[in-house]
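Asker: These are the residues of each chain, in order.
Number of protein chains: 6
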Amino acid sequence: MSGVAVRNAPRAPAEVIERLARCGVATLHEAQGRTGLMKPYMRPIYAGAACCGSALTVLGHPGDNWMLHVASELIRPGDVVVMAVSADNEDGMFGELLGTSFRTRGARGLVIEAGCRDVKALREMGFPVWSRAVSAKGTVKATVGSVNVPVVCAGVTVNPGDVVAADEDGVVVIPRARAAEVAQAAEAREAKEEQTRRRLAAGELGLDIYGMREALAKAGLKYFDDPPSS
Amino acid sequence: MSGVAVRNAPRAPAEVIERLARCGVATLHEAQGRTGLMKPYMRPIYAGAACCGSALTVLGHPGDNWMLHVASELIRPGDVVVMAVSADNEDGMFGELLGTSFRTRGARGLVIEAGCRDVKALREMGFPVWSRAVSAKGTVKATVGSVNVPVVCAGVTVNPGDVVAADEDGVVVIPRARAAEVAQAAEAREAKEEQTRRRLAAGELGLDIYGMREALAKAGLKYFDDPPSS
Amino acid sequence: MSGVAVRNAPRAPAEVIERLARCGVATLHEAQGRTGLMKPYMRPIYAGAACCGSALTVLGHPGDNWMLHVASELIRPGDVVVMAVSADNEDGMFGELLGTSFRTRGARGLVIEAGCRDVKALREMGFPVWSRAVSAKGTVKATVGSVNVPVVCAGVTVNPGDVVAADEDGVVVIPRARAAEVAQAAEAREAKEEQTRRRLAAGELGLDIYGMREALAKAGLKYFDDPPSS
Amino acid sequence: MSGVAVRNAPRAPAEVIERLARCGVATLHEAQGRTGLMKPYMRPIYAGAACCGSALTVLGHPGDNWMLHVASELIRPGDVVVMAVSADNEDGMFGELLGTSFRTRGARGLVIEAGCRDVKALREMGFPVWSRAVSAKGTVKATVGSVNVPVVCAGVTVNPGDVVAADEDGVVVIPRARAAEVAQAAEAREAKEEQTRRRLAAGELGLDIYGMREALAKAGLKYFDDPPSS
Amino acid sequence: MSGVAVRNAPRAPAEVIERLARCGVATLHEAQGRTGLMKPYMRPIYAGAACCGSALTVLGHPGDNWMLHVASELIRPGDVVVMAVSADNEDGMFGELLGTSFRTRGARGLVIEAGCRDVKALREMGFPVWSRAVSAKGTVKATVGSVNVPVVCAGVTVNPGDVVAADEDGVVVIPRARAAEVAQAAEAREAKEEQTRRRLAAGELGLDIYGMREALAKAGLKYFDDPPSS
Amino acid sequence: MSGVAVRNAPRAPAEVIERLARCGVATLHEAQGRTGLMKPYMRPIYAGAACCGSALTVLGHPGDNWMLHVASELIRPGDVVVMAVSADNEDGMFGELLGTSFRTRGARGLVIEAGCRDVKALREMGFPVWSRAVSAKGTVKATVGSVNVPVVCAGVTVNPGDVVAADEDGVVVIPRARAAEVAQAAEAREAKEEQTRRRLAAGELGLDIYGMREALAKAGLKYFDDPPSS
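Listed in order, the protein sequences are those of chains U, C, Y, B, X and P. So the first sequence is numbered by the working numbering: it starts at 1 and just counts up by one. So the second sequence is numbered by the working numbering: it starts at 1 and just counts up by one. So the third sequence is numbered by the working numbering: it starts at 1 and just counts up by one. So the fourth sequence is numbered by the working numbering: it starts at 1 and just counts up by one. So the fifth sequence is numbered by the working numbering: it starts at 1 and just counts up by one. So the sixth sequence is numbered by the working numbering: it starts at 1 and just counts up by one.
Hint data in this document are derived by calculation from the structure and do not stem from the laboratory.
Within a straight-line C-alpha distance of at most 16 Å, the following computed EDC-like cross-link-like pairs (lysine to aspartate or glutamate) qualify:
1. Lys222/C x Glu73/U
2. Lys141/B x Asp208/X
3. Lys141/Y x Asp208/U
4. Lys222/U x Glu73/Y
5. Lys141/B x Glu214/X
6. Lys141/X x Asp208/P
7. Lys141/C x Glu214/Y
8. Lys222/B x Glu73/P
9. Lys222/P x Glu73/X
10. Lys141/Y x Glu214/U
11. Lys141/U x Glu214/C
12. Lys141/U x Asp208/C
13. Lys141/P x Glu214/B
14. Lys222/X x Glu73/B
15. Lys141/P x Asp208/B
16. Lys141/X x Glu214/P
17. Lys222/Y x Glu73/C
18. Lys141/C x Asp208/Y
Excised from the complex, chain U in its bound form:
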């Protein structure tokens, strides 16, 4: 299904996005049962980058950024653009000019399984990008792809309107239908982790807090006071 641009894709509710945005990617990934995480080669172009929003999806081709221009018109405030490419490619498909346009249209960030350029300018304007490479390599505008169709980006299926959260730990995708439930689970997890953190900081051990000692013994762990003589 190529050559398709959908104008009115669904969006996740703003209120849920705001709740999800308060949690880190690692927490969200845990809260939805350790699913939805993109491969770790997707990295932010600057330290401290973080964003959360509704996915506007793009499918393009190697060495060709045409569909990012088509996408720019369909951006609504709060969107995070997610671009997949039909074959592995590290060309610099996105830079300062598109960044200016995306920000003006209200996008909160870009997740792109290709390269990014003008990273200094993007950092200075505060537009966060997660990419698999930084590359100054320019791209053509020759082959049509799609906007707002389901894509697979860095190993994860992304549907238009899914929630995409990204920070220094990576990128996680939360299906729109599960967003509220995941937000609740993530908030509960954060509350519980805050407690655990305090206990650990006070010197308690995870072995005791999580009650691991019995399971470890059952699994065969044996303690020795001294190294076995070899």
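For chain U, the structure is supplied; the task is to place chains C, Y, B, X and P on it using the hints.
Answerer: Okay, now just chains C, Y, B, X and P, sitting in the frame of chain U:
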């Protein structure tokens, strides 16, 4: 052609280098017809690194940095040293001591298809390096290579005296004979991009600024108001 | 030898560790004859990270961080935890909670041949980690490994109580029995390098300081005033 | 959605599978509009391997092959098992014993985004496997995944009952609903390619058969009798 | 410890080596508790390659094969030469000439964490090599390493006289002191696997043979007759 | 310089090519001073592949094989086509149809820094290809490149008319002007190696044949009868 060190290699004119230095690598790469860009695995050792100068070329061997010492004597103020290696290698061929020497001789930076070490010290002294790895691994001084002969570094042919520009987006090589022409094209491009940036920031779309709508339709892009029912 | 946790592993003497901690990884690696360096894919999770301490070793399995909890109980102030994994894995085995626990127990840092998460929190709390990846991917607690047995981490054998030094250049392991000797060699090297640095900064050449000219000529290096006509 | 095993997943019609099996992967990929191709790191474990069948999907975890045992019971004759893993892993999850079981149950092959072992025995019994690695590394049976749920394998979404075709060129996935249509397009393509092949073998050029000359000229290609003097 | 060549390194008993040689690498790796396996990037240079013998270890440097010549003199019939390199390198350190010499001296094969060349000739003479790359790149003879000292090769510690077994599944190292015990465990495992293979070929399931059903249920696996409606 | 197709590029003399074709790639690489070797990721698509001819060069773009059609018209019997791509790309740019055309036009093989497909058909027709990947991924015909201009392929500069030799060890490029000289050096080397091979097969050591003992001692190698007690 190994075992050759050329004393009086050509240099690009300082005035042209200054003009090129004012443009970013992405712009220069575009301005010379999307050629001359090194592979994106060449990365700066610290954020904000940038330099532009006349290439002093070095050809060395894996695990051996001898020729960098030979090169140091032939550096002239304004040079950027470019080192290629005869086989893939990530050893730390360059560090604080050679950095001190290179800077004293007037080098503006180093582009090396191998590893670099002492990155903290190099960052503190402000000597920029683009390398394929950071590695503390030391190297021997055993096999002779060459200085100021044509080399292939990270996928690009570099002749002594070519202009090398490097920033956070990567490294681009501009043949000396084309430097003035590329400077002019890059300046024109920057001026035009400044205009485009203003229009995009005001909410205009690339689709309209670049007149892409007709070509997209011709290439088969179809708009739908709503997602197709599957 | 799996399923073993040794309580009283040896430690390197604190006084020697302090001396080693004052030298950089590149110097230590040179000082012990260019051995003991981990592969360069082991990178710090933030710029400026550095630590030196006595190795507490951990052997775990892909996708499983159980043994880090076992390790936390056995940490003594001044330890650097070194975790090897039985197969290549990039999951985020370590994050803010374990970081809180490790710091409370007195650990100085973690070297892990797997992934790390919560990098923002770890940077803010100043707990340094060297890892092969950043990944939010969570891990199970299902398979028993070992603590304080010899491991191979990123290409280097690490015995409990070896000295581990890590900075932006990488990670080096110094056998406990050689620690004092290496400290002395490293200090001598640093003193000598300080002299060399001053001479290089004054414009002298490595060619002369190290007396390389004769060996280069013998190895066949020929100087030409001008490029050979081709 | 983990911990789910579905007994009665859909299958693609045998008649369509037979038609698709007669075409190569490259042809099928073209016939469905250049979609559905797994990443090229998925390689057959022996030359000449080829299979085509209905996808029985498995989702497992790094270092853990438990779900392949669950899958073996649910195999029906003609199935191709497709296993995705929740994080990059190269462990040898599949070998001679599971191969014996799978073949006995009627499976035609395995596509696994992890490692495979006993490749000599599998080659001798003629059970084809496409994997990202060959590795003797054994796996545990500790964490539950799922069988016959949608998975993403090597960059492609696979639903239970999709058609999976694999040969020396790679692995392509054809959604069940499109299988008949793709079979027809592939057959038409093969017929046309047979003609083209004969014309090319007779010395005609693609330039003329496909009528490319005008488009090339329009795109700016210029012919020169001799190399431009530089 | 560089610059050391040990003449009389220990060897594993020939009788035990013969017993180990009858088992595959995957079996041996299981039989010694899933340890000792080299990383899967170590691949045989031709299909069907297999060997088993006593390790003669070599430590060399990137781009330098000098120590293989030193090793050739110290080879005893039945040895498998294992070469580690002090930094990642893919140069073609071994080819037909050294292969002729090694075979004449009685070596059974070579495991080298670098490159190999003349693969056609080596295949024709039946001298098996496991390497991380095939490369025609020649090497110098400039820097001294060691022979018959402990090395780390592809992630595994190898001591002189350990047993090294290699086949199409990879390379496993068995400490000399454990060789007899591992041979026994491997033989027992093979006998048991033969039984399991027969049962699987007769249609029994691993789920029943290994008694997995209860553990799966306890771990939360749920069976559904039909896909959950989404 | 894009958009250029040169009709009458130079060719290397047939007689010299025949002499070079009788030597292996490793020998040719040595004979021209260890230069001109492509990176080892360039691999033949089938075992036993070998070819030698005059380079017809092609520069294309990622995901686009248009220029291979332009090249097919310019092929002369005895040519080896060498295709470079302006950015890293693994798409299957070449397959059975182009193979049929190339062979009909008299090409001896293809060296392509991208992907290849239809490997079974190409093996059966005996048309050898060296590529960086096997991939069924199709390509567009949208962007113009060049034919018979200098290119950089897999790290080596290739000029039209250079000699390209390829076998299972890799791909080497010999500048046309040096071809006769390299042929002579390679023949001399082969004669000498034949002698060395016979001496090695008779049990002599490289240490003595090449007279290495003194240099090794001078470089610090020390022999011990027994392992040093640790």
